[in-house]
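All chains, full assembly: derive it from the sequences and hints.
Read in this note's numbering, the sequence shown has 527 at position 243, and its numbers run on one by one without any break.
What follows is a list of derived Cβ distance ranges for each label pair:
| no. | residue 1 | residue 2 | range |
| --- | --- | --- | --- |
| 1 | Glu458 | Thr417 | 19 to 25 Å |
| 2 | Gly575 | Gly542 | 26 to 32 Å |
| 3 | Val507 | Ser459 | 20 to 26 Å |
| 4 | Thr521 | Gly499 | 15 to 21 Å |
| 5 | Met440 | Asp544 | 23 to 29 Å |
| 6 | Asn572 | Thr516 | 29 to 35 Å |
| 7 | Glu573 | Ala475 | 17 to 23 Å |
| 8 | Arg592 | Asp554 | 25 to 31 Å |
| 9 | Gly499 | Thr531 | 16 to 22 Å |
| 10 | Glu476 | Thr509 | 34 to 40 Å |
| 11 | Arg515 | His468 | 21 to 27 Å |
| 12 | Ser441 | Thr531 | 30 to 36 Å |
Computed list of lysine-lysine pairs in PhoX-like fashion (alpha-carbon distance at most 20 Å, straight line):
| no. | residue 1 | residue 2 |
| --- | --- | --- |
| 13 | Lys428 | Lys525 |
| 14 | Lys574 | Lys477 |
| 15 | Lys497 | Lys432 |
| 16 | Lys574 | Lys462 |
| 17 | Lys477 | Lys462 |
| 18 | Lys525 | Lys497 |
| 19 | Lys442 | Lys432 |
| 20 | Lys432 | Lys525 |
| 21 | Lys442 | Lys428 |
| 22 | Lys497 | Lys442 |
| 23 | Lys497 | Lys428 |
Hints in this document: simulated from the structure, not taken from any laboratory.
Remember, it's a predicted structure, so these values are computed and weren't measured experimentally.
Note that the Cβ used here is the ideal one computed from N, Cα and C, for glycine as well.
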Amino acid sequence: MRLPSLHRFPLAEAAQKCKLNELSPTPSLEDSVEDSLFSFLLWTRLSGGNALYCLANCSRFNTVIRNPARRTLANCPIASCIKGRIGGKSMSMKRCLISSLGMMALAIGTVSTLGVHPALASRSSASATPVATTPQAPIEALYKALDKSEHSSANMSKRSAMIAPFVEHAFDMESILKRSIGLHYDHLSTAEKNDLLAAFKHFTVARYVSTFKPGTDAVFTVVNTIQQDGRTIVHTTIGGKDDPNGTPTPIDYVMAQGPDGWRITDILLDGHISQVAAQRADFKTIFNEKGANGLARSLTTKADDFLRE
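And the structure:
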């Protein structure tokens, strides 16, 4: 079975060998087309499908590669095939986490005005939070806040304000945003960086509030901390009542220590699927088309959609 004209893409060899269990995100993937191929393989990996079979039997796959308008997963003609394999009316915790961690394409919505959001309003309280002296500390605090939020009867706005300080304290937002956008970030003005960072914080908080809403009954467990390939990684699991066989989803956090203590610089779903790598194609596509302000507006619009009850 032969793949359709994918020899010139770095991930084609991985797809041909079909070693999806060994597939890990590659920071050098700067081209949006290659990122889309990565996203496709990621979806197939999570849905239990066979990338070799899906690629070889999709006659329209070349249109995804060659047509710039179809370079994101949202517009990919094979997306319905992939998503359908995840299936079922009830959403498992793994699928919730795919969405929560930014694995699904960022929809470019209508333009909204940047305003003061809970993530920004929480800045003073976040800065007052004690510096994390261990890699596990910020994650444990975040998980406690998420557990409290999903058992709260408060509305979306109040739950956003409840968890925002812990999200901001746990994540190195600027580092994640910079790596998601790429080299263009260094050439932005201070105002553009501030607007983007504010929108990204709002977007991140909204994702968590929307995913772990009352009734989710997620179970958060911090397992241990290891050193792997020169990185500090905190192993955790998040389980849900709809998970197949009651098996929780492994969520690993790549940690870095700085002046503000230990903070998250990436999230690895299933131990190797990087949030930064997965969202890079979507962020860069919007950035290339609409610039920094357009990406900030898109993040804000998507966050506002998350927060609609």
